[in-house]
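Chemist: Chain by chain, the residues:
Protein chains: 2
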Amino acid sequence: MNFSHHLRSIQRTSGSLLCIGLDTDPRRMPRILAGSRDAATEFNRRIIDATHDLVCAYKLNLAFYEAMGEPGRRCLKKTLAEIPDGIISIGDAKRGDIGNSAESYASSLFDDYRFTACTVSPYMGEDSVVPFLRNTERGVFILAVTSNPGAKDFQYLNVRGRPLYEQVIAKSRRWNTKKNCGLVVGATRPKELRRVRELAGNMPILIPGIGAQGGDLRSAVRFGTDGRGEMAIINASRSVIYASSGGDFAGAARSEAMKLRDEITRHREKLLM
Amino acid sequence: MNFSHHLRSIQRTSGSLLCIGLDTDPRRMPRILAGSRDAATEFNRRIIDATHDLVCAYKLNLAFYEAMGEPGRRCLKKTLAEIPDGIISIGDAKRGDIGNSAESYASSLFDDYRFTACTVSPYMGEDSVVPFLRNTERGVFILAVTSNPGAKDFQYLNVRGRPLYEQVIAKSRRWNTKKNCGLVVGATRPKELRRVRELAGNMPILIPGIGAQGGDLRSAVRFGTDGRGEMAIINASRSVIYASSGGDFAGAARSEAMKLRDEITRHREKLLM
Numbered sequence: 000m001n002f003s004h005h006l007r008s009i010q011r012t013s014g015s016l017l018c019i020g021l022d023t024d025p026r027r028m029p030r031i032l033a034g035s036r037d038a039a040t041e042f043n044r045r046i047i048d049a050t051h052d053l054v055c056a057y058k059l060n061l062a063f064y065e066a067m068g069e070p071g072r073r074c075l076k077k078t079l080a081e082i083p084d085g086i087i088s089i090g091d092a093k094r095g096d097i098g099n100s101a102e103s104y105a106s107s108l109f110d111d112y113r114f115t116a117c118t119v120s121p122y123m124g125e126d127s128v129v130p131f132l133r134n135t136e137r138g139v140f141i142l143a144v145t146s147n148p149g150a151k152d153f154q155y156l157n158v159r160g161r162p163l164y165e166q167v168i169a170k171s172r173r174w175n176t177k178k179n180c181g182l183v184v185g186a187t188r189p190k191e192l193r194r195v196r197e198l199a200g201n202m203p204i205l206i207p208g209i210g211a212q213g214g215d216l217r218s219a220v221r222f223g224t225d226g227r228g229e230m231a232i233i234n235a236s237r238s239v240i241y242a243s244s245g246g247d248f249a250g251a252a253r254s255e256a257m258k259l260r261d262e263i264t265r266h267r268e269k270l271l272m
Numbered sequence: 000m001n002f003s004h005h006l007r008s009i010q011r012t013s014g015s016l017l018c019i020g021l022d023t024d025p026r027r028m029p030r031i032l033a034g035s036r037d038a039a040t041e042f043n044r045r046i047i048d049a050t051h052d053l054v055c056a057y058k059l060n061l062a063f064y065e066a067m068g069e070p071g072r073r074c075l076k077k078t079l080a081e082i083p084d085g086i087i088s089i090g091d092a093k094r095g096d097i098g099n100s101a102e103s104y105a106s107s108l109f110d111d112y113r114f115t116a117c118t119v120s121p122y123m124g125e126d127s128v129v130p131f132l133r134n135t136e137r138g139v140f141i142l143a144v145t146s147n148p149g150a151k152d153f154q155y156l157n158v159r160g161r162p163l164y165e166q167v168i169a170k171s172r173r174w175n176t177k178k179n180c181g182l183v184v185g186a187t188r189p190k191e192l193r194r195v196r197e198l199a200g201n202m203p204i205l206i207p208g209i210g211a212q213g214g215d216l217r218s219a220v221r222f223g224t225d226g227r228g229e230m231a232i233i234n235a236s237r238s239v240i241y242a243s244s245g246g247d248f249a250g251a252a253r254s255e256a257m258k259l260r261d262e263i264t265r266h267r268e269k270l271l272m
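Those protein sequence lines, which keep their order, are chains A and B. For the first sequence, the residue numbers in numbering that gives the first Met the number 0 are 0 to 272. For the second sequence, the residue numbers in numbering that gives the first Met the number 0 are 0 to 272.
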């Protein structure tokens, strides 16, 4: 199934635009998992068990898993195997390299790990992005406006009267010949998100930065969704997975995820009234 | 030792600005290694054995190793263990992510793999780069002008009368408080390389794109080095490591590397006359 159709379909069946970011840090594991041989995988398994009916996607930032070395790699694979069919898995890798290297990265993320989608960095241009876009079933989210303070260093530079990120969007639209390309816009940037949605048509937008990073949920829904209140993937990571460090961490994650999902639903309902 | 001093020192003791890119692709292994249980590692070991007196650095593009899955990870580590002390190892990873993720990537590259240096992508700005710069012994090469066709998509966009990459250089200089920051400029961009060297003072410049990508060696030396004919790291990958697919592949790599090193030396001598 084409990635955009897949996304629309899971957002409809789940009734959710929520994505949970499994930014799993072995130093932050609840004490109850201290005896586990593979605490990070067990942590992810319990979070997924407790939340999979509330989300359209899980996002795994590869930085956290690579920092664990080889066990991190195995944890990634085991975690991906826990995600139920239909739910989208996003490899948040932000790769970007020349053509033949980009092909290798795409092969790693899509063929070896078997993520449904990934994030890529635009700085190196077309031949660094296109290898990821070849398989129409796999989604590719190109960094446009990021949620971090450093976003201002380059993304907002004035190019012919417009910020640089608008050039990224224009090019991304051109590269999106297979309808599997999306954009990343931080939830901490509501004004920019509104503008990106205007420019991006109904491309999917991945919106990180809710929760620990302080992004605004109402704006994420209002400005991030397309005309049908869909195609925004709203990600929260630390605020959900570390909602509690107690024995009930998975239950606490579920409560937090449910709160977010319901809040998103309320904002969508207002939008579609 | 501070990274810049380290680089200057190895370039003087080796008499070489050459870096060999170990872009090792299991599908391109010489037939003589067909019986080997770990052909990629054996390939790298033989290339390093045959060339280590001719180079100041080896560059390993992580894309190739990640595409191999877990064996690629082990191959990376074993290969790094083969590189003699003093020679710089560059993890060509082009990472770029928000602060806490960037810290994880830095930890993976510098603490787990123990690369001497790495490459990073600038698109996400200061907090995505600074975590890599914390340890003054480790070098960080920020992508400025890349060798691939897609470089034109964003890097050359006009920002206040100057190409975007000049903004990257200006910021990089500001972030370079520990004298361990360098830049990446493709050898296919001689005019831009000249300009980058003017702007970058004596920052190290990593120059890929010699050989298979068609970059010009004379310009790389002439425009890439600092006033002392140093601080350029000139990288060739495929043209060296795949110089022959026969049983003598390591000897052929040595011949090719020696030719490049000597040609670089001749250009340096002309420059310093």
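Note that these hints are calculated values from the structure, not bench results. Just so you know, not all the hints are guaranteed correct.
Pairs count within a copy or across copies, as identical chains cannot be separated in the list.
[Said to hold, decoys possible] In silico DSBU-like links for lysine-lysine, alpha-carbon gap of 30 Å or less:
1) LYS77 x LYS269
2) LYS177 x LYS76
3) LYS151 x LYS77
4) LYS190 x LYS77
5) LYS177 x LYS258
6) LYS170 x LYS258
7) LYS177 x LYS269
8) LYS76 x LYS170
9) LYS77 x LYS170
10) LYS269 x LYS170
11) LYS190 x LYS178
12) LYS76 x LYS151
13) LYS269 x LYS76
14) LYS170 x LYS190
15) LYS76 x LYS190
16) LYS190 x LYS269
Chemist: Now, for every hint given, state plainly whether the structure supports it.
Modeler: Going through the hints against the structure:
1. When the C-alpha separation of LYS77 and LYS269 is checked against a cutoff of 30 Å, the pair qualifies neither within a copy, at 39 Å, nor between copies, at 58 Å.
2. In the homo-oligomer, the alpha carbons of LYS177 and LYS76 lie at most 30 Å apart inside one protomer (27 Å), although the nearest pairing across protomers, at 38 Å, exceeds that limit.
3. Proximity of LYS151 to LYS77 under the C-alpha cut-off of 30 Å is found in neither arrangement, the shortest distances being 37 Å within a copy and 40 Å between copies.
4. In this homomeric assembly, LYS190 and LYS77 never come within 30 Å of each other (Cα to Cα): the closest approach is 38 Å inside a single copy and 49 Å across copies.
5. Taking the closest pair of Cα atoms, LYS177 and LYS258 never come within 30 Å of each other, the shortest separation being 35 Å inside a single copy and 45 Å across copies.
6. Taking identical chains as interchangeable, the C-alpha atoms of LYS170 and LYS258 are never at most 30 Å apart, the minima being 36 Å within one chain and 41 Å between chains.
7. Taking the shortest Cα distances, LYS177 and LYS269 never come within 30 Å of each other, neither inside one copy (32 Å) nor across copies (52 Å).
8. In this assembly of identical chains, LYS76 and LYS170 lie within 30 Å of each other by CA distance neither inside one copy nor across copies; the values are 33 Å within and 38 Å between.
9. Taking CA atoms no more than 30 Å apart as the test, LYS77 paired with LYS170 passes in neither setting, with 36 Å inside one copy and 40 Å between copies.
10. In this assembly of identical chains, the alpha carbons of LYS269 and LYS170 never lie at most 30 Å apart, being 33 Å within a copy and 43 Å across copies at closest.
11. For a Cα distance limit of 30 Å, the shortest separation of LYS190 from LYS178 inside one copy, 25 Å, qualifies, whereas the shortest one across copies, 38 Å, does not.
12. Taking the shortest alpha-carbon separations for LYS76 and LYS151, neither the intra-copy value of 35 Å nor the inter-copy value of 36 Å comes in at or below 30 Å.
13. With identical chains, the CA atoms of LYS269 and LYS76 are never at most 30 Å apart, being 39 Å at best within one copy and 54 Å at best between copies.
14. Taking identical chains as interchangeable, the C-alpha atoms of LYS170 and LYS190 lie at most 30 Å apart whether they share a chain (21 Å) or sit on different chains (25 Å).
15. Taking the shortest Cα distances, LYS76 and LYS190 never come within 30 Å of each other, neither inside one copy (37 Å) nor across copies (45 Å).
16. In this assembly of identical chains, the alpha carbons of LYS190 and LYS269 lie at most 30 Å apart only when taken from the same copy (19 Å versus 56 Å across copies).
The structure fails to meet hints 1, 3, 4, 5, 6, 7, 8, 9, 10, 12, 13 and 15 from the earlier list, while all remaining hints are met.
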